Structures are given as structure tokens and as C-alpha cells.
Amino acid sequence: MLTHKKAVLDDYPKVLEVWGKSVKETHNFLSQKDFVFYQEAIPNYFNAVELLLWYDDEQLLGFSGTQDEELAMLFLNPEFMGKNMAVKF
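First residue of the sequence shown? That's 1377 in our numbering, and the numbers climb one at a time after it.
Warning: the hint list may mix true and false statements.
Label pairs and their in silico Cβ distance ranges [as the list claims (entries may be wrong)]:
| no. | residue 1 | residue 2 | range |
| --- | --- | --- | --- |
| 1 | 1409 | 1459 | 26 to 36 Å |
| 2 | 1390 | 1446 | 22 to 32 Å |
| 3 | 1401 | 1434 | 15 to 25 Å |
| 4 | 1433 | 1382 | 30 to 40 Å |
| 5 | 1377 | 1404 | 15 to 25 Å |
| 6 | 1402 | 1378 | 15 to 25 Å |
| 7 | 1432 | 1407 | 11 to 21 Å |
| 8 | 1380 | 1409 | 32 to 42 Å |
| 9 | 1412 | 1377 | 33 to 43 Å |
| 10 | 1455 | 1379 | 27 to 37 Å |
Here are the computed lysine-lysine pairs in the DSS-like style, where the Cα-Cα straight-line distance is at most 30 Å [stated by the list, open to error]:
| no. | residue 1 | residue 2 |
| --- | --- | --- |
| 11 | 1397 | 1459 |
| 12 | 1397 | 1409 |
| 13 | 1400 | 1459 |
| 14 | 1459 | 1390 |
| 15 | 1381 | 1400 |
| 16 | 1397 | 1381 |
| 17 | 1381 | 1459 |
| 18 | 1382 | 1459 |
| 19 | 1409 | 1390 |
| 20 | 1397 | 1382 |
| 21 | 1382 | 1400 |
| 22 | 1400 | 1390 |
Hint data in this document are derived by calculation from the structure and do not stem from the laboratory. Since we're looking at a predicted model, the values are computed, not measured. Each residue gets a CB set at the ideal place from its N, CA and C atoms; glycine is no exception.
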């Protein structure tokens, strides 16, 4: 069953892990230098959005961030890409 919870500071390492896997899978145009730059910068944006972690039972599918009712970020664990999970978020 698909559920979500609001992310807290202790969740940020999990969020960054999902972010890294997702970016490596989908952003092949980024150099390693760019990847590291964004990896260091992205946590600064977590507090600017409503950051939600999405689960299927206990398995973390990915996360979303909204700001002013607009989707600002959406990242999935690569193993769940192509399975219409993001539509359900």
C-alpha cells in the first residue's frame, strides 16, 4: 500500500541516497564534478519544500518536494522507475 510521511532531518541521509541513485540513472549528462556540486547543494533546499517520503509498505520508493502547491522535486529509486509510481505520488 502506498503511503507517505513528512521527512525530518534524520531522514536526509536516506533522501540523499535516493537522490544520488536517481540522478546517476537519469542525468547521464552531468559530469562527476557537477554531480558532487549538486549533491552538496541539494540538502539546502530540503527545508524550502514540503519533503515527503513515499513508501510501498516499508520500502522507500522515492521522495517529492512541493512548494506553494507546485512540484519542485521528484526522485525515485531506480528500481521503481517505469512502473508508474511517480503518477501515484
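A quick look at each hint next to the structure:
1. 1409 / 1459: 26 to 36 Å: 32 Å Cβ-Cβ, so the 26 to 36 Å window holds.
2. 1390 / 1446: 22 to 32 Å: Given a distance of about 24 Å, which is inside 22 to 32 Å, the answer is holds.
3. 1401 / 1434: 15 to 25 Å: The hinted range 15 to 25 Å holds for residue 1401 and residue 1434, with Cβ atoms some 22 Å apart.
4. 1433 / 1382: 30 to 40 Å: Given a distance of about 18 Å, which is not inside 30 to 40 Å, the answer is violated.
5. 1377 / 1404: 15 to 25 Å: Between residue 1377 and residue 1404, where Cβ atoms are some 33 Å apart, the hint is violated.
6. 1402 / 1378: 15 to 25 Å: At 21 Å between Cβs, range holds.
7. 1432 / 1407: 11 to 21 Å: violated (33 Å)
8. 1380 / 1409: 32 to 42 Å: holds (33 Å)
9. 1412 / 1377: 33 to 43 Å: holds (36 Å)
10. 1455 / 1379: 27 to 37 Å: Given a distance of about 18 Å, which is not inside 27 to 37 Å, the answer is violated.
11. 1397 / 1459: holds (17 Å)
12. 1397 / 1409: holds (16 Å)
13. 1400 / 1459: holds (18 Å)
14. 1459 / 1390: holds (21 Å)
15. 1381 / 1400: holds (25 Å)
16. 1397 / 1381: holds (20 Å)
17. 1381 / 1459: Distance ~21 Å between residue 1381 and residue 1459 Cα, so the pair holds.
18. 1382 / 1459: Judged against 30 Å, a Cα distance of about 23 Å means the pair holds.
19. 1409 / 1390: holds (22 Å)
20. 1397 / 1382: holds (21 Å)
21. 1382 / 1400: With Cα atoms ~25 Å apart, residue 1382 and residue 1400 stay inside 30 Å; holds.
22. 1400 / 1390: holds (16 Å)
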